[in-house]
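Per numbering that gives the first Met the number 0, the sequence shown starts with residue 0, numbered consecutively.
Source of the hints: derived by calculation from the structure; they are not laboratory data. It is possible that part of the hints are untrue.
[As the list claims (entries may be wrong)] Just the calculated beta-carbon pair ranges, DEER-fashion:
#1 S86 with V364: 37 to 47 Å
#2 H203 with R368: 40 to 50 Å
#3 N145 with A397: 46 to 56 Å
[Said to hold, decoys possible] Heads up, simulated EDC-like pairs for lysine to aspartate or glutamate below, C-alpha to C-alpha not over 16 Å straight-line:
#4 K84 with D113
#5 K174 with E211
#6 K180 with D243
#7 K365 with E38
The beta carbon of each residue, even a glycine, is placed where N, CA and C say it ideally should be.
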Amino acid sequence: MAETPRIPARSTAKAMKTLVDSAREGRLTRAMKTVAAEEGIDPSELLQRIAAGSVVIMQRGNRCTGIGTGLRTKINVNMGTSAGKVSVSDELRKAEIAETFGADTISDLSMGGDIDAIRREILACTTLPVTTVPVYQAVVECGLDNMTAEDILATLKRQAGQGISSIVIHCVTQKMLGVFKKKKRVLGMVSKGGSITSAFMLTHDCENPFVEHFDEVLSICRKHDIVLSLGNTARSGCIHDRPDAFQQTEIRQNCTLAHQALAAGVKVIIEGAGGHIRKDRIAPMVRMYKKRSPFPLFVAGPLPTDIAAGYDHIAGAIGASTASAAGADYLCYITPAEHLGLPDPEAVKEGLIAFRIAAHVGDTVKQGRENEDEEVAVHRAALDREAQIRCAMDPERARQFCGEETECTMCGKFCAIKVMRNF
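Model the full structure from these sequences, guided by the hints.
Structure below.
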């Protein structure tokens, strides 16, 4: 396993107490009380989970989003401009859709236009916690050949001060890249943040600045009490690329760094079990991650098939429901535009709804959360179509299928419930 730096005594940013610090001291904060009430769990139990690292809270103003053990599975919506398409109005519409239709967090992955100005507008139009990937903006503004470790860390520091709630770093090392090169994959490295970080290391013949300067990364996270998310560089890009030594090395690396972050009082999430994974391998992989560490697990997808272009949000929801049921805490949605192009606002909505369904399916298995299903069932038994529609994740869409009829026209007078009602 690649060596990781020793974290100095907890002297960095001591003036500010982080949420982890408060939990270790047994002090319930407003954020803890808010999340406990929203999730219906005992506040003291939540406090213990935060201290142990199995729960984090993303905070932004009065918005508090709990992620981790015993909590509802959360959904992240990726958005942001690309080098090929910059439409600020589209991105703001995506943020509005994310908030309206029940996303828990947003990731601003903008790589085109005035990125800082775009982020300010996104932050202004939503209350949702926002995550960034600092190396994206650093490479756009500096270029791969001219970018330095100082540029990358300066970008991280600047983004942390913009009011974001979480940052993602990819902690691949030169030793891990050596492991990667030994195994031929159909699709080599499909993590954009991981590939940019790796290309920087290979171009400049240097070590990963996030790993070399991990103490500085933690100091920045402590100062702003933001969540550190350890990225999934080694995820597979197709179901034929099975789990390999590169993935195992990254798991060990991320678990080690996560424990160091927690020891420094920093909230931390591990990204893993994402990408493309054959369906029968999803649950075992999620359980393996959860067995290896207590930290919340963030899963991108996963996609259990490679043939669903144009419908990858459906394929992804199938994989995500399996991952959630097996113990994944946090899902990154996939849209119909996956592999094809930058999603428009409508694609964002479709992907979000699909993954909200997936998360709910997972929670019915993982936590027995069936109250909403029971409510709908009662309305259906009463043939109360309007009440069913009100319970839908997208009532407007549900109503579109009703037309102007006053009752369901699929069965008419031969409705099974009506036929058997008098017997």
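Hint check results:
In this structure, S86 and V364 meet the distance hint of 37 to 47 Å, their C-beta atoms being roughly 39 Å apart. For the pair H203 and R368, the supplied restraint of 40 to 50 Å holds, since their beta-carbon distance comes to about 49 Å. Roughly 52 Å separates the CB atoms of N145 and A397, a value that falls within the hinted 46 to 56 Å. Note on K84 and D113: the hinted pairing holds, with a Cα-Cα distance of about 12 Å set against a maximum of 16 Å.
Restraint check for K174 and E211: the C-alpha separation of about 13 Å stays at or below 16 Å, so the hint holds. At roughly 12 Å between alpha-carbon atoms, K180 and D243 fall within 16 Å of each other, so this suggested pair holds. Between K365 and E38 the CA atoms are separated by roughly 14 Å; this keeps the pair inside 16 Å, and the hint holds.
Hint violations for this structure: none, all hints satisfied.
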